[in-house]
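Protein chains in written order, with this note's numbering: chain Y, 1 to 324; chain D, 325 to 818.
Source of the hints: derived by calculation from the structure; they are not laboratory data. The structure displayed is predicted, hence computed values, not measured ones. Note that CB positions come from ideal geometry on N, CA and C, so glycine has one too. Honestly, I wouldn't trust all of these hints.
[Unchecked claim] Simulated DEER-style distance windows between Cβ atoms: (1) 500(D) - 194(Y): 50 to 56 Å; (2) 547(D) - 142(Y): 46 to 52 Å; (3) 262(Y) - 549(D): 55 to 61 Å; (4) 197(Y) - 441(D): 26 to 32 Å; (5) 181(Y) - 391(D): 50 to 56 Å; (6) 663(D) - 142(Y): 56 to 62 Å; (7) 394(D) - 311(Y): 43 to 49 Å; (8) 189(Y) - 335(D): 46 to 52 Å; (9) 351(D) - 197(Y): 22 to 28 Å; (10) 340(D) - 98(Y): 57 to 63 Å; (11) 149(Y) - 379(D): 54 to 60 Å; (12) 142(Y) - 335(D): 23 to 29 Å.
[To be verified] Covered, in the sense of this in silico footprint (three residues per stretch, anywhere, with C-beta under 8 Å from a C-beta of chain Y), are these stretches of chain D: (13) 399–408; (14) 415–422.
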Amino acid sequence: MLLGISIGSLSIPFSSIIDIFLEQWWGIAPSPDIPDTLVQIVMAIRLPRVVLAFLVGASLSLAGAAFQGLLKNPLADPYTLGVSSGASVGAVVVLFFHLQLPWFGSFTLPIMSIAFGLLTLFLVLFFTRAVDPRMSVETIILTGIIFSAFFSALISLMIALTGEELRQIITWLMGSVAMRSWKYVVMMLPFFIIGCLLLLVNHRELNAFAFGEEAAAHIGVHVAKRKLVILIGASLLTGAAVAVSGAIGFVGLVVPHMIRLVAGPNHRLLLPLSLLYGGAFLVLADLAARTMISPSELPIGIITSLIGAPLFAGLFLNRMKRKT
Amino acid sequence: MMLNVHDVSYQYGEKAVLQNITFTVEQGQFFGILGPNGSGKTTLLKLLSRELSLQKGTITLNAVPLASFSSKELARLVAVLPQSADSAFGYTVKETVELGRYAHQTGLFPTWTEEDEQAVAEALEQVGMAHKEQETIDCLSGGERQRVYLARALAQKPSLLFLDEPTNHMDIAQQIKLLDQLKKWTEENQLTVVAIFHDMNLASLYCDRLLLLHEGKMVGLGEPSDMIEEKQLETVFQASVRRQAHPVVSKPLLTFVPQTYSDTRQQNDSLSALTIAQDGEQIVITTPQPFKVLSSAVVGAGFQWATHFVNRHVPKHYRCDDPETEMKQYLQSHSFAVHRTIGMMTAVYLEDAVWIKSSEEEVPLFVMVTAGVGNAVDAAKAWEKRETAEGIGTINVFIFIDGQLNETAFVQAMMTTTEAKVKALYDAHVLDPETHTLATGTSTDCIAIASSQTGRLFEYAGTATPLGKAIGRFVYEATTEALRKYKKRRGDGK
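Bound conformation, chain Y alone:
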């Protein structure tokens, strides 16, 4: 059902070539006279990969939109708070030390990553509170930058010290949704659902925060409570996305902006549209990543920027023209 929506929403804005490509691709799966191997490939490899790409894209865009609104800052993205850096540290630690947690097996990496991400969130919030009891957005952003810088340094340190795991670590950091089974989808889904709910319910509050915390308080928003809820929601989405796919850039920053240019800044529309288009965007990006120089694959982060930046520039230009 989720995929159905994604295709539906995809087919409108993107060019018809890609459209045909997709229709063929999706037309195959349900028809009965297809060889089992193909069904197997689609169901066990392609479908979970696409679903995961969608979930990751949706999470990052939604989180990005929420961070931008909450922090009243168009430059904010899901990585502003340092949650992703924390999650990355968790993943790199696993790769570096070849950790294997009991019971979890190959899922050690995402589990550790999510744990580190959440830990980072609480560290950032705790630190912010210690510095500034009112937890103003400026302090939150600064704290996020401090923690991001520190964690990036940790990651660089491990990269510098590592030997044979180097390629593995770099590949992970660049981000990818390749070779992920349904289990990853299942693991991410609860975080995704909770995160989405927490954010979508708060669309009015996000509109208020977009005018600043004082203004939000004046119109009756319980600022401290709502801010915490939104931060947790966005961080859950970010942490989960980074844990399963690595730090994929650009989606969380640019998709909300593209939606704003088209549909306006009102979070009532902005949030669900960011979710849908963010997911669709990453599905497409992943498609491009693995087909452009097939049979080998490009890191998806490169594709998101390659597609996203010109698209964004085009929309931006268009809008400026209309204004003048």
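Here the structure of chain Y is known, so what remains is to put chain D in place on it, guided by the hints.
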């Protein structure tokens, strides 16, 4: 909505920002908070709107402590218009105002009701932004944006409205319009308004009561007319302040004296620099720098700063329904700057004008008189006269003083001049032609008291003071001489 603030103090770290603030705002009041930057105004407003939490003292709304309201409850009672709260994103005007309904939408899945829609439309209408509801706020001017935020506050349907310098970014017309509107709402809808003002005159014009803050302490609380004291404001605002009456509204009007002012003016002997030009049509006295004048002249009456003093000769049968306009036209056609000119008229021949200048050791004074008494009146009997005489004859008196006069001195100088003039008429035995009693003046007499406002300070000009004595003497002498010349010419004419 009654707001009660009792003994509130606040400090940032070690620094006390507010100390022992106590006041009450009644429902429907327009309450102003005044004070220089850093006096704690904004901190006080933040405490009132609960943006900062109270450290010491109590704040209650209708006797309920502020802290016991939930965020939404408070927002339904109290709305705030901050100095600036712009969004980084391009919301439309309507979306922005709709946010004001947040506190009225309750429940787990709040819905947008007809009532919400109504409130938004009404608020937009009230601030006159309804026609721009689909425009984005970043396309608006500062003043328009402020009005949109005001509409958002109004959409909250508050009983109490807090404003932090509401007229920032607005031009004068917009300021007056906004404040008029707020005032109207306080009167019609019993809305209570608490506003921080930068402009003391606007505050005094619109507020029912004022709170004056200085370095975090209350230095005044009360009605504007009791509050605006020159001395007090000078200590608080560190600027030279002068208070006057508003020309129309029963409120005080304040003005400031630039520190550089006295330096730019010539200090001494401004009287010897007077120039007098006379021809058959007019006598023009020109001062090298503007003199402050209190006069009853046809043009420039009341208090005025002037550099040109014109005594114009008009024909005996000069008749005009609107002499002021006619005189202004005359002055304009003779290239005088009307707003810097004191203009009088007389039918007397200007060659008969008398002027006297005081000698070196006396109070520096210059007096010019033209006198005609064909129209003499006894003020005590004037009520008996059947018709107002419209004949010729006017006594015009110009007095120039080198010195600083305050308002008391100006008025006393006026009185002393009148008394000396009456005495001159008495001694010259001028009679009212109709009542045949001693005349006290004519029906069209004018006096102008002009002072250089530099040099020696004269606080009084009554007949017991040096200035009063000089005025009395010179006006008497000049008037007597002018009357003599007038009588002589009349005698010759016969």
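Count the residues of the stretch 415–422 of chain D whose CB lies closer than 8 Å to any CB of chain Y, then report whether that count reaches three. Check passed, 4 qualifying residues.
Could you see if the CB distance from residue 340(D) to residue 98(Y) stays within 57 to 63 Å? holds (60 Å)
Outcome for the supplied range 55 to 61 Å, where the beta carbon pair is residue 262(Y) and residue 549(D): holds (58 Å)
Please check whether residue 142(Y) and residue 335(D) have a Cβ separation lying inside 23 to 29 Å. holds (25 Å)
Range hint compliance [Cβ, residue 394(D) to residue 311(Y), 43 to 49 Å]: Holds, at about 44 Å.
Residue 500(D) and residue 194(Y), beta-carbon distance inside 50 to 56 Å? Holds, since residue 500(D) and residue 194(Y) (Cβ atoms, about 54 Å apart) stay within the stated range.
Whether the CB-CB distance between residue 547(D) and residue 142(Y) falls inside 46 to 52 Å: holds (47 Å)
Using the Cβ atoms, figure out if residue 197(Y) sits within 26 to 32 Å of residue 441(D). With a Cβ separation near 28 Å, residue 197(Y) and residue 441(D) satisfy 26 to 32 Å, so the hint holds.
Assuming the hint says 50 to 56 Å, is it satisfied by the Cβ distance from residue 181(Y) to residue 391(D) or not? holds (54 Å)
Do at least three Cβ atoms from the stretch 399–408 of chain D come closer than 8 Å to Cβ atoms of chain Y? holds (count 5)
Return holds or violated for the Cβ distance of residue 663(D) and residue 142(Y) against the range 56 to 62 Å. Holds, at about 58 Å.
Verdict for residue 189(Y), residue 335(D) (Cβ pair) under range 46 to 52 Å: Distance hint for residue 189(Y), residue 335(D) holds at roughly 51 Å.
Hints 9, 11, counting from the list given before, are not met by this structure.
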